[in-house]
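These protein sequence lines are chains A and U, in that order.
Take the first sequence: its position 100, counting from 1, is numbered 104 in the working numbering, and each next residue is one higher.
Take the second sequence: its position 154, counting from 1, is numbered 168 in the working numbering, and each next residue is one higher.
Calculated directly from the structure, the hints in this document are not laboratory data.
Even for Gly, the Cβ is constructed at its ideal location relative to N, Cα and C.
Among these hints, one or two may not hold up.
[What the hints assert, rightly or not] Some but not every residue of chain U turned toward chain A, in silico, with C-beta under 10 Å:
#	residue
1	Ile29
2	Arg110
3	Met121
4	Val172
5	Ile191
6	Val219
[Stated by the list, open to error] Calculated Cβ distances over 12 Å to all of chain U for the following chain A residues:
#	residue
7	Ile62
8	His199
9	Glu270
[Claimed, not checked] Computed cross-link-like contacts, DSSO-like style, restricted to lysine-lysine with a CA-CA straight-line distance of at most 27 Å:
#	chain 1	residue 1	chain 2	residue 2
10	A	Lys303	A	Lys55
11	U	Lys63	U	Lys103
12	A	Lys55	A	Lys101
13	U	Lys103	A	Lys101
14	A	Lys101	U	Lys90
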Amino acid sequence: MPRDLTPSTIENTFVLKALTERTRLDSRSFNQLRDLDISFSSTDYGVVDVKLGRTRVIARISAEITQPYADRPYDGLFIISTEISPMAAPTFEAGRKSEDELVISRIIEKSIRRSGALDTEALCIISGEKCWAIRADVHFLDHDGGLMDAACIAVSAGLLHFRRPDITIVGVGSRREVILHPITERVPVPLAVLHVPICVTFSFFDVRKASAAIAGLPGKDNMKEADDDDVEEENDSSTTVLVDATLQEELLRHGYMSVTANTNREICQIQKGGDMPVEVGKLLSCAEAAIMVAEKVTKLINKRLKEDEARRNVGNLLVEARAENDR
Amino acid sequence: MASRIEIYSPEGLRIDGRRWNEVRHFRCAINTHPVSSDGSSVIEQGNTKVICNVIGPAEPTLRSRVISDRVSISVKLVVAPFSMIERRKRPQNDSRIQEMCSSIQHMFEDAVIAHLFPRSQIDVNLYIVAQDGGVLQACINATTLALIDAGVPMYDYVCACTAGMLDREVLLDLNRIEESAMPFLTMATIGGTRKVSLLQLEMTVQFDRLEPMMAAAMSGCHHIRDLMDSEVRKHGKSRLERGSF
């Protein structure tokens, strides 16, 4: 059984010491994202390749027609599959859900599906009989930290990029039939994406614990000291917050929080899973920072989408042949 | 279902007659199962009821659970099939339950003074007997009390509370009907401090509304801490008087 990566003591002290001197190993500032590269497949709709530093995630959106659930006849289906294979990192086992994987899939699920990024009612074709099932398959190709952030960007961009084949319904009553027009025949239709959720993960480092590790003391002695301190004194300066941690930083951090935000200044999801206690004010400023990141990333996604459309839209044919109106 | 019920009346009363800043009826007891476990507690928050058993610190049953410098905590959560209106058996590997288990585990790994018990394990078993909203918060509060009963040293109480936002009104400590009607967050603080150990928000909310929600949840946490503390002191006193430990 592959074991979790454990960073060596020397690596540990080096990274933490650098952090106390306000430096990250890749020379980024504390609130800076790694280089983000989003590219779309040149042939298929809804295939996105996201590179966040050295983390790489591919998402593929696909659609098929199925029967809706009996209790929700007006809703289409939307499934996100996030299975992490050993391709991402040797610590992940095929077919067995690790705790990390569980957390990642739950966060993506909450960020995109439960926040209603995709209007599932728009996927209904004939109520109770036929609807679209949209499926997002996320493939994690390389793991250098921030898997959920990259996956969230990939799925969001994929949903915006995806086009489903156009359909027409003929006949009345029980003899209605659905005609599916292949992409080669009719201009395909975009999905009803209501907002673009972007997930940002903040990593927390306890400076006091870090300086104990540097001094070679076992962390416990210092923890006790911290406990004796007045509560009010343990203020902002004892917590270091990093945006978009690399794998190394992720393994060394004392706590994390992932926030999903969109450009409407909405917070779709917050998950802080019980590790290292952090001051409330700090958490709020993280949430605000997440909105800024979301704005930046959404801008980049839109830019790449426009470039991709310009590349596809040779001779303005796509616009001419489109059946629907601009909204 | 919820849309037909008035969640918050213009007079400022909620469906169960509370004001916005009132927590539900809170009843807790510790040392409820003295024979079967080292520490135990029962918590009722409104109609939500959780039983917690703590076994340990003890020698690990599996070699893989030995951590050389601190105690290893494992959390098991059982949802009783009769805990909701419709009787339903939940599978043990439900991802929501697993997520709750891992949150609780991480939280208490940081909250107990873990280095005092190297190479040992603590098992936390939680039984959700009745659920009427705020299940996670009840589980966290029950675990804190059971660990105190087991005599496991902790830095401070860990106490949790929920708060929701209906339009512009903050509501504290939601029940199930309220939970389904509005976005809400669960927050756990370390004792009476402003330090947040766990924060979970599952539905979309405007950023500007986040702060009042968090402030309300925090005051709820502090209130629950006082309630738990008084129960622990009462229990300790009665034991001292009886002279039995």
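Against the structure, the hints:
1. For U:Ile29, the interface hint is violated, the least distance from its beta-carbon to any beta-carbon of chain A being 24 Å, above 10 Å.
2. A cut of 10 Å between beta carbons decides the hint on U:Arg110: the least distance to chain A is about 8 Å, and the hint holds.
3. Annotation: U:Met121 was flagged as interfacial toward chain A, and the flag holds, the nearest CB pair being 3 Å apart, inside 10 Å.
4. Interface restraint check: U:Val172 against chain A, minimum CB-CB distance 9 Å, threshold 10 Å, status holds.
5. Proximity of U:Ile191 to chain A is violated relative to the hint, the smallest CB-CB distance being about 19 Å (cut-off 10 Å).
6. For U:Val219, the suggested interface contact is upheld, since its CB lies about 6 Å from the closest CB of chain A, less than 10 Å.
7. For A:Ile62, the requirement that its beta carbon stay farther than 12 Å from each beta carbon of chain U is met, with the minimum near 23 Å.
8. Its closest Cβ contact with chain U, about 8 Å, brings A:His199 to no more than 12 Å, contrary to its assignment away from the interface.
9. The Cβ of A:Glu270 does not lie farther than 12 Å from every Cβ of chain U; its closest approach is about 5 Å, which violates its non-interface assignment.
10. Annotation: proposed proximity of A:Lys303 to A:Lys55 holds, straight-line Cα distance about 16 Å (limit 27 Å).
11. With a CA separation close to 17 Å, the supplied pair U:Lys63 and U:Lys103 stays within the 27 Å bound.
12. In summary, the hint linking A:Lys55 to A:Lys101 is supported, as the alpha carbons are separated by about 24 Å, within the 27 Å threshold.
13. Restraint check for U:Lys103 and A:Lys101: the C-alpha separation of about 22 Å stays at or below 27 Å, so the hint holds.
14. Under the criterion of a C-alpha separation no larger than 27 Å, the hint pairing A:Lys101 with U:Lys90 is consistent with the structure, at around 17 Å.
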